[in-house]
Every structure is written in C-alpha cells, then in structure tokens.
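These protein sequence lines are chains A and B, in that order.
Residue 226 in my numbering sits at position 12 of the first sequence, with consecutive numbering throughout.
Residue 126 in my numbering sits at position 27 of the second sequence, with consecutive numbering throughout.
Treat the hints loosely; a few may be bogus.
Said to hold, decoys possible - Among chain A residues calculated to face chain B with C-beta under 10 Å, some are:
1) Gly230
2) Ile233
3) Pro253
4) Gly254
5) Ser259
6) Asp309
7) Ile312
8) Gly314
Just so you know, the hints here were simulated from the structure itself, not pulled from any lab data.
All values derive from a computational prediction rather than experimental measurement.
Don't be surprised by glycine CBs; every beta carbon is placed ideally from N, CA and C.
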Amino acid sequence: KNEVEQSPQNLTAQEGEFITINCSYSVGISALHWLQQHPGGGIVSLFMLSSGKKKHGRLIATINIQEKHSSLHITASHPRDSAVYICAVGGNRDDKIIFGKGTRLHILP
Amino acid sequence: DSGVTQTPKHLITATGQRVTLRCSPRSGDLSVYWYQQSLDQGLQFLIQYYNGEERAKGNILERFSAQQFPDLHSELNLSSLELGDSALYFCASSVGRGQLYGYTFGSGTRLTVV
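From just these sequences and the hints, can you work out the full model?
Below, the structure written as structure tokens:
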C-alpha cells in the first residue's frame, strides 16, 4: 500500500462543477502540500498545510490530521484548471517528501 | 518565471555518459530540493540541501550525486547513465529547511538517454 493515496486517479467534469480531490496518508507528517502540474510539465505549489483549512481564489484545501486525510476543492471549475494535482507529505521524523501519484483533472467547456 | 532557474531545459545523451544539471534557487531561499519524475514512477524525492549541507536523502541512486555551493546554487550529477534514467528532473527551493515552508519549482530539465 502506498504511503500517500490520491483519489480519483482521473476526473472529467463540466465547466462550473465543484471538484474534490482526496489525499490519504499513512505516515506521521509535519506538513502536506498540494501541487499543480500543467500539461507543459511545470509544477506550481498551491498550498502547504499543517492544520485546518486554506483558501486561495477558487481553491480550498483542508486537512484532518487525526484522520490523516486532506481534500482539495475547486469551486466554479474552468477549463484552465485542467492539470494534474499532486499531494505530497513531509514526514515528521525527517525532511523526506513522499508524493501521491496525482489526479488528472480535465474540465470540459 | 518562478525565480528558480534550471539549466539545461533539455538534454539528450548516450548510455554510459555523465551529465550535470544545474539549479539556481529563488533569491533568499536556502534550501534546494531535487526530484525525479518518470512516466512509471511519478515524482520521487532525491535529495535536499540546506545552506550548503545535505539535509535529507530520498531514493537517490549511488550513480547520482549532488552538492550545493556557497552561492547556494546546486548541481545534480548523473553518471553511468542508463535508459531508465530518462525523466524530468525538477529542482525546488524554499526559504527554510523543514517542511513548514512552501516550495518554488523550477521548470525542469528533460533528460533523454539513448
């Protein structure tokens, strides 16, 4: 079993839909990161969470430390949101980073 | 432009060769991270340096080595290259050394081993 599991692996939705991507992890962490990778390959760091909830524009990220679970929400989705979204966790024993396999999101106009 | 500069953007080389990938962190950032992204493995953490010292090591092969110089730029050396080393290599930087800092990614170096 992978230490970081993301679901779904692939998601296709219509423009305007509310999107949720989930990340579960099995290790103790000091922080969880959500990353966005566009088709061209570039990676952008969206959020770093150690507790609670963060919001940036139409993106919301939450984390439940007790349940070892995080969600990334996109409100009013748009075709430009089409990308791979990657969850990554930083361990609380060292600075190693473990990545999920990513969720490929495709928003149809 | 993220502020993290990676060179070269593309590299094609033959098996058995040695290459050096370079990363200049964002101004003010002291940590540099190296990652490998291959089609079958996804993103994998290779190594982290903080202010010139190795901070954490991931799944980095013995054929690979890295260092961070006094001006904080970092180099990743890949030797005795194999076909399976073909991948995107990303560098990221952050201001601190722990996990409670956001990362800024470079645009990556695409390595093709033929």
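These are the hints, each one checked on the structure:
no.: 1; hint: Gly230; result: violated, 29 Å
no.: 2; hint: Ile233; result: violated, 21 Å
no.: 3; hint: Pro253; result: violated, 13 Å
no.: 4; hint: Gly254; result: holds, 9 Å
no.: 5; hint: Ser259; result: holds, 5 Å
no.: 6; hint: Asp309; result: holds, 4 Å
no.: 7; hint: Ile312; result: holds, 7 Å
no.: 8; hint: Gly314; result: holds, 8 Å
Comparing the model with each numbered hint stated earlier shows that hints 1, 2 and 3 do not hold.
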